[in-house]
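Chemist: Next come the chains, spelled out residue by residue.
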Amino acid sequence: MSEAQRSVAEFIRRFSDAYILQDGPFLTPLIAVSSCPPSPALFSVANSLSPNQDWGRFLKPFDAQLGEIVNHHLRAIQFFYSGRYADAYSAFEKSANVFLQEFRNWETAWALQPLYTIAYEIRVLAEKADQELASHGKNPEKLKGAGSFLMKVFGALATKGPKRVGALHVTCQLFKIYFKLGTVHLCRSVIRSIETARIFDFEEFPLRDKVTYMYYTGRLEVYNENFLAADQKLTYALTHCNPKRTSNIRMIVKYLVPVKLSLGILPKESLLERCNLPEYLNAVQALKRGDIRLLRRALSEHEDRFLKSGVYLVIEKLELQVYQRMMKKIYMLQKLKDPAKAHQVKMEVVVKASRWLEMDMDIDEVECIMAILIYKNLMKGYFAHKSKVVVLSKQDPFPKLNGKPVGD
Amino acid sequence: MDLESNSVEKQQTEGGGQEHHPSMYPSAMPGHQPGILAARPATVEWNYPRANASSLENGIPSISGYHDDQRTKDPAAFQDGKSALSSTGASTTHDYSAYINNQNPADPYSHAYQSQYYNYQHSTTDSSHQQVGIVQDTGATYQPLSSFQNASSYPQTNYSSTYYNPGDYQTTAGYQPQAAGYQSSDYTQQTNAWNNGNYASHQYSAYSVPDANAAQYSSSPAVDATHYQQQYGQWPGYYNQTAPDVMCAPGTEHMARSSVSGGSSLPDLNQGYPAKSNQPPPPGTTSWRQDPPASSSPYFQGKDVAGFSQTNDWQNRPLVFGNTPRAQAPPHFQQTLGSPTFVSVDEQRKTGYAKSPKMPFTPPGQVRPNFRPALNPLPTLEGLRGSKFQIPTNPRIATNLAFSVSKTDKESAEKDASIAPAYINVSVPSSTGEGTSHDSSQSLAKGAFPPSLRAYVERSFARCKDDAQRLSNQNILKEIITKATADGTLFTQDWDTEPLFTLPATSADNVSKGPQISFSLLSLNKLKRSPSRRAKSRWEPVVEEKPPVLTTNLNPVASDSTILNRFTPKTVAEAKFAMPPSSTFRSPRKQAKKTRFSDPYPVQNGGVSSDSDKDQELTKLLSGAISMVDSPEERRKREHRSKRFEKSQEGKAGGHKNKAFRAGGGRNKKSKIPFTAKFDDAPRLAVEDMDWDSFTVRGTCQEIEKRYLRLTSAPDPSTVRPEGVLEKALALVQSTPKNYLYKCDQLKSIRQDLTVQRIRNEFTVKVYETHARLALEAGDLPEFNQCQSQLKTLYGEGINGCHFEFAAYNLLCVIRHSSTNRELVASMARLTPVAKRDEAVKHALQVRAAVTAGNYVLFFRLYKKAPNLSPCLMDLYVEKMRFEAIKCMSKSYRPTVPVSFVSQILGFSDGEDCADWLRAHGAAITAHADGNLLVDSKATAAGLYMPEPDDAVPHGDSNLAVDDFFTAKF
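Residue numbers (the working numbering), protein chains in the order written: chain V, 1 to 408; chain B, 1 to 970.
If you are wondering where the hints come from, they were derived from the structure by calculation, not from laboratory data.
Here the structure is a predicted model, which means the values were calculated and not measured.
A few of these clues could be false.
In the BS3-like style, the derived pairs of lysine-lysine whose C-alpha atoms are separated by at most 25 Å in a straight line are [said to hold, decoys possible]:
#1 K128(V) - K308(V)
#2 K792(B) - K144(V)
#3 K792(B) - K180(V)
Assemble the whole structure, with the sequences as input and the hints as a guide.
Modeler: Below you can see the structure in the form of structure tokens.
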């Protein structure tokens, strides 16, 4: 028996031992094909596998299912380490399918950890496979396939009994796939299941899964411009996430900042700096100063980033708040000059102000913006068309949002 | 004739009754009838007796009985006509009336059944003769549904009306031929067993106790078993006989393979007929009729044949039901239509069946003549055609297919008037001789052929511009199909990709070829059909399913008229069949058959056959029939071929083929066959490794104009235009003064042709762009969206076009459609920096910003300078933006806003326009002292509403308004 064969036999022995003894922690590292660095056992077998190697005789002692799992798994390892990710994915999915089949039959949840690893690995492998396929001009469809596999896994977990606590983890993996594929509408069914099915008690799930779940559902709410719900979910994620995971914190804050801005709550500069989110600095400044030009600049400078993360429209909508701030500034300046007439703002003043800000607006457009400000309750008062004057309320002419969305 | 007739009959019926019955299918009927007459108990007894007798006798005796009956048929018809008719005159009339009544009801079939029931009842009341007559009548009633009816109707109908008879005969004949062909080849044993058993029991049950039997039939195997066995026995006999006939058929030779079954049956028929009455060719009826009658008549005449056919039909029904009934039924109708006699028949029916006795005689004569013609090869062919058609109508329609059949019937009935629904339907439909042939071919195509072939046939017919072309087309088709059948490629060939043959400018030429080929084709078709049907039944166990229904229905006894009726017809028919098989036919045919198919039939018939057994039997039969057609060489070839498909099956010659047929039975499977067949030889290829390019269609059509028709099958290259022609077509569309509906139709067909040929280039983009623009101009958003999404992928493939223009349109669309902002953001993110510098795209982005910000001033300014067709899309927001704007203004402006200002801001053409709009939306407008109109903002804010759109239409799309539709010129 050559060295390579011995190492393959050793791997199979370890795998089967862990499998038969239902030792999840021991089995998990053997499954993590893409883990870096790989577990020693995985690493040694990966270096021993060759394309034409036949390890069938090592599998003879085992039942058909285990044999199939190990067989495909070894193939997946071999393909993965030879850089053939699409093949690796296919082999891994075969192995995972048999494993899932067996998983359904197990009463206990011992295999949850290995299953988590499978769910993770299948997603990572699918992403790599799709990259490879795309680079060869083929249709990248593996991630979609991984999505449907994970839906099967979710189905296997959405039962009464100890396995149900794993459902949220798989859900989060699904979210990752769907967000990556841009098919977030597919999240809806899973969310509905998680939030309405009686077998699930949200508090029962592991915290890390809850945080991930809240993060993704919060992002969905940002898309829907449902800022209050988004604020609540993202805040939950931020307060419960591991404070040492700065990258996770940054991801959460990246969405939480625009949400808070929409609700009229401005972040400290230090927070943005600490989280390395400079793209919001200008927007925050614009809000503080009422400088529409600055906001526009921020939008155009970071357009790609905002579009990619999906907060572009959220930032753009801050415009009204910026105008509100600008009007407030005008109002305060007039108050300094002539308190008696401060509540009457002439349109020509506003037009002049916007010219200073290099905004090319004529009186009709300014009038329109004033009307919208009043309409959206960002400004109390009325507009007298005949005299082209905004008459501001003498009491709290510029109400603060205080955590309420604009126009509410 | 009756002599040997089923011992059962004898047992059951009194001598006289039997005698009369003999003619029948009646024999079967007779048995029933007697029972009926006797009263339920009697019937019960009868039924059992029959079973017993038949069982005892083993199919053979019963067969003999059948034969006798069949033979007697003519006589019987005559007899009936004479004795029964004369005596039965009243009964017949009753029957007719019953028919009429039935017909009036919605479903012809059900009516027919009911009528039959009625008839039965009448018969019971009437004397035995009357009963016989009734029986016949019932048969007639049934006939519409099944061949049986025809047979029975024959005598009666003959009396009453030639039309009826012809139609019935034809139908029956068709049935028989087909059935014969099918049965002889495959179906016979199994189907027979099932059908017979079931039907027989049903029939019996219908009559009286039979209900119980029927129930048994469906539910309880034991009771049925006896019946079945008996029937089986009979059937085997029949089969044997038929088989021999088939063998004999070769005698017909002309027909060759296809005709074989028919031919065989025909000879017998002829014989029987001649004996009965050598009447000259049928006068009024077209050849069509004649043929069908001939075929049917043969069976009937040779009661054995009739029995066969009937039985076959029944059998077939269960299996084939879906396919045959529909296809066949329509053909019948058409055929009948074609012949004037039919019409008259209907009328006659209407007028008076009572008088029918007289009429019947003449009609019978016609029928007989018909039969004789049938004897001739050509006639036989025709008969076959007819038979095909007929087959469908008869059995299955009544039983399984009731729905589909009934539809057709209804239609026909409507056409005819009010009289006999089923019959009328049959007769009414089609045109003349040509029509018949077409019909037959079409029907054939519909029936047993693979859907792809059917589609092929339809396609080929679709391009025919006149009857002549149709005729030639039909003839060519026949040749093709015959050839395919002979080659064994009928079910393996990919008809979807098979190019259409070129049509001769005029078609008369083919006529000469005509009869033989067509006949053979027809027969082949029939054969084919039966297999497919069979397979269908196998996968969708119609028969099995039905039984339960039957049981429930039947159990209630006669009271459940509808259910009973349905079943009864069958049962009656079966009974007839079972009974009819007369000894005369039997012995020769049986033997002959035995020699051929000897082993399987008897055994299978005798025992309770399982599904698989049946299948095997059928396959054997079918294969046998097919093989008979071919030369040894052919057979060998075919065997070789078939082995590819069915390695597991032991190879009886032709068996393979049958299997293939069967496999093709399931619709899904059918469609797959071509591919599997194609790749069977080579090592199996993964789907992704298949060379799909080889399936790409290359159009040959040179027509520039083409109407759009959504494809329901694989495209036919002869109707697909190549790119060069499509370019002309596009130019035509662009220059035509016709309206959008025409252009849209043309463009859709261009797009379809591009798609099926997988042409994706700049021309494709141009077509889609053109269509998208036209759709925009016409406000046809659904069509625009289709084009837009296609363009997106086309641009995505790097094909050049007006990319930016449509990117702008896309943006404008997304603003409107996206319920969430995610899509909007995504499409904005997809824009390249270059695209963002494009004027149209910039404009669209500004519009997007104006819409999301609710900046109405900006929006209407952008509207005024919108490039290309963007205003068309922006129109979609105008109303909404205006309403939002007035809401906003009424809340923020105090105390008033001049209408002129609103008009200017919101892009109205003038103040009057604006005032109207404002009023329509609930704004409060006051007139100022200086004459200017003012919006009272405070009052307006409370009263704004969105009015219902003026042009709202119930279906939600004013573009589909009826007016426009009717004025549309294509």
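Chemist: Does K308(V) lie within 25 Å of K128(V) when you go C-alpha to C-alpha?
Modeler: At roughly 21 Å apart (the allowed maximum being 25 Å), K308(V) and K128(V) satisfy the hint.
Chemist: Verify the proposed pairing of K792(B) with K144(V), using a straight-line Cα cut of 25 Å.
Modeler: Holds, because 21 Å separates the two Cα atoms, which is no more than 25 Å.
Chemist: Would the hint linking K792(B) and K180(V) be met if the CA-CA limit is 25 Å?
Modeler: Within the cut-off at roughly 20 Å; holds.
Taken one by one, the earlier hints all hold for this structure without exception.
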